[in-house]
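K.L.:
Sequence:
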Amino acid sequence: MWIRRWLGRRTLGEDLKAMRLGKKLSRRRLAERSGVSERTIARVENGTGTINVLSVILLALALGERPDKLWSTENLSLTHLRELQAASRKAAERFRRRLR
1314 MWIRRWLGRR TLGEDLKAMR LGKKLSRRRL AERSGVSERT IARVENGTGT INVLSVILLA
1374 LALGERPDKL WSTENLSLTH LRELQAASRK AAERFRRRLR
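For the sequence shown, this note's numbering begins at 1314 and goes up steadily by one.
Wrong hints could be hidden among the right ones.
Stated by the list, open to error - Dumping the calculated BS3-like pairs for lysine-lysine here, alpha-carbon to alpha-carbon at most 27 Å: (1) Lys1403 / Lys1336; (2) Lys1336 / Lys1382; (3) Lys1337 / Lys1382; (4) Lys1403 / Lys1382; (5) Lys1330 / Lys1382; (6) Lys1330 / Lys1403.
Bear in mind the hints are in silico, worked out from the structure with no lab data behind them.
Using the sequences and the hints, build the whole thing.
P.N.:
Printed below as a string of structure tokens:
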């Protein structure tokens, strides 16, 4: 993590927290909107937890942002890109169901 800070890059958790606060959302409200647990959001924001691709996409959509605002694709392998593509489809469908 210190390398990212040294390079001037923020972590996913830092970006998530900045976006959430920018939208004036509590963790609880973001959890309700996204379907990702409040506990997971807190752990990611604090840098003490991990998160799967689908959850990143759901959080971005719940914040009204594109998923790539949270997930940098610069260091993803082909396997990760395939996982991201499949998760994007699942997230879009899940999000559409929530809006109904």
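K.L.:
For this structure, which hints from the list above don't hold up?
P.N.:
none
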